[in-house]
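These protein sequence lines are chains A and B, in that order.
Using this note's numbering, the first residue of the first sequence is number 724, and each one after it goes up by one.
Using this note's numbering, the first residue of the second sequence is number 117, and each one after it goes up by one.
Bear in mind the hints are in silico, worked out from the structure with no lab data behind them.
Owing to the predicted nature of the structure, the values given are computational and were not obtained by experimental measurement.
If you only want the chain B side, here are some residues facing chain A, beta carbon under 8 Å, derived: (1) I190; (2) A303; (3) L494; (4) L509.
Straight-line alpha carbon distances no greater than 27 Å define the calculated DSS-like cross-link-like pairs of lysine-lysine that follow: (5) B:K246 to B:K169; (6) B:K245 to B:K423; (7) A:K792 to B:K426; (8) A:K796 to B:K426; (9) A:K792 to B:K245; (10) B:K203 to B:K449; (11) B:K408 to B:K338; (12) B:K423 to A:K792; (13) B:K527 to A:K796; (14) B:K406 to B:K281; (15) B:K351 to B:K510; (16) B:K351 to B:K281; (17) B:K527 to A:K792; (18) B:K326 to A:K792; (19) B:K203 to A:K792; (20) B:K203 to B:K165; (21) B:K326 to A:K796; (22) A:K792 to B:K246; (23) B:K393 to B:K281; (24) B:K423 to A:K796; (25) B:K267 to B:K349; (26) B:K408 to B:K351; (27) B:K267 to B:K393; (28) B:K227 to B:K485.
Note that beta-carbon positions come from the ideal geometry of N, C-alpha and C, so glycine has one too.
In case you want the letters, here they are:
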Amino acid sequence: MRSAAGPAWNAGAGRVREPRGRAASQLLRAMQSMRVAPYVLLLPALTLVGLIAFYPVYYAVDISLYQTKFLQKTAFVGLAQYARLLTSPDFLRALGTSLLYALGSLALTLPLGMAFALLLNRPIRFKSVFRTILIIPWTLSQTVAGLLWLWLLNPSYGPIKYVLDQLGFGQFLFLSSADWALPILVLVNTWMTFPLPMILFQAALQTVPQELYDAAQMDGCTAWTSFWGVTLPFIQNSVMATAIMTTLHFFNMVTLIYVMTGGGPLDSTQTLSVRVFLDAFVNFKVASGAAVGMVIFLLNIVFSLFYIRVLRRGDLY
Amino acid sequence: MKLIRIAAWALALACAPGFAAAATEIVFWNNFKVDKSPRGQAMTDIVSKFEAKNPDIKVRVETVPFATVDANLIQGAAAGNTPDVIKIYNVALSLHVAAGSIQPLDQYLGKIDKTDWLLPWDSTVFDGKKYALPSEYRFFALMYRKDVLDKAGVQVPTTWDEMCKAAGTINSPQVMGYGFGLSQSQAASILLEWADDMALAAGGSWLDDKGRAIANNPAGLKFMTTVADLVGKCKASSQAVVGYTYEAVHQGLAGGTIAMAGMGTHRYEALRATAAKDNLRWAPPPSFEKGKAAPVHVLGWTFVMGKHTKHPEAAIKFMEYMTSPEVQVVIAKAGEMPTRKSTYNDPWFKTPEASAMRDWAQYIARNGKVGQYPSGWLNFGQILASESQGIVLKGVSPAQALANVVERYNKAQAEGK
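Construct the complete structure from the given sequences, taking the supplied hints into account.
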């Protein structure tokens, strides 16, 4: 029920209570006239975010410019840590491994998430049961998922080894092979991450108007051309947001890789994030770890800007 | 309004020192969860008994796992805030002494008997100062599956030459003759423990007193050659060892897909609690010389005091209690090997259940040594693992792998701090 003065639940909202103090009254008037109220209200949240997001970045930049002993700064060395990294073959290799891991995982995760989202968007029975089952890998912690796959892939007693034995295949080394360890990690990461894009894409698919598909069908579009011509342009914002989120996640991943391979064999799975962990928390070379961490931070920014640029260029809706 | 006033008074009274609980609360970082498991239950009982004996002290037990305790303690010390008592693995003691995250105990220790320890009092002394009280001991022994060895008609090997032959006889795609781990995961702990003892048995060491790698010596070469021979010449192990961790070897022994492996004695009871049961046996580690027992490094958890403890007297009281013979009998029954000599006088140690622990105590009394590990020890493990993997996967010669270890480690220690 609405009255002329507004909805019933808001009755009396127009009657602004007179502030008791003069100063308070002036402040309120100033806020209203200068339209500063939104900024004032945002201030606590901005301060909090600043403290928990920007201060650590500042701290990492600062400490990366020093030589350290454990967590204590001992001498200012400027950009020496970065210069050393750029000439270090180990660092360059870790950079390449990070790119392979992140982009390889992305190349599998997004299409797989999209494929399942499209399937779940169809009118099928037991849809919610399938969705629940498909989400399970995403609910596991990286440690649990890593240990689970270590067991499955164990070349001595793992069930996959048993199946391959029964099929008459020779012995597979799985994670003990320098050639296979990284591809296996990408597959395991894909397995545990694809449900997130799946859920986000499915939510986005539900916003595509049916009329567009009807019109496309009348124009003679196939399912495939409808997907490229109607679906994808309509949900491109969601796709890009998901791509940014998962890319950041993949570049920052430590636990899954460390639990499964520790960066080996022959350092073939040592990504930048694993290197940060080893430098900072195993070898206690905090400045070196911070410098590598800043490189990851820059990578994340570069990839995010790239996605945003692509998104703006191809903005159809 | 009246209600608010009453609540404010109540809060103020509750926070006042005189009104608050009179007991001093100390914070204790434990390495395992205090839950309903046998050792979790044992810890609950021990802490309750301590609190009953010392009504003026309360202990808050916080679980900080092995993988994070060192980093957390060093970070806490840098921020000026540490717990009162912490359980630290003895390998990390020198790291914490160097980082200044723990403090010497000498000024707080009461009339503790310095001679009542299986290993010398000085084993946890750094720069003349006592930093830790050992909680339990363990060493890297040979664990084997009796059923698998019997089936193959193989005797338990006592030297590495015998091991090569025996494990080579057993090894097949289904069962690995000798299991070991070269993975960098889990801080390469299974490799470090093995390599540490092998160098000792060969009469050398990996690092010098200043923490620089001196691995390129006959002892180091013996170890690397053993790795190469086990996988290559003797075909006693498969290349899968490259990805093996402590956990993988443990599971292999439990399931009988690994016939023999080196492993800490603390895993013995847990292994026998699996399907392996009585088929899981232990033996002293093989040596390089027939008839000569292999010396071993004794490892284990220790109690230390945080640098910024607020209650040192209460903390030391708790540490002394936790290492008292009375408590050590309880932890022995839960599978941990006591550090105090007098603990072994308890009647429980005369039971068959305690026979393995009795034998271990005798073995380390004769052949045990406590090593002191420089702060770069874990980094050394990462590099040693990587280069040992090269021997197994790429056929790098043991001498070349050793040279790489020395170069990489010394370079890493010198730069990028």
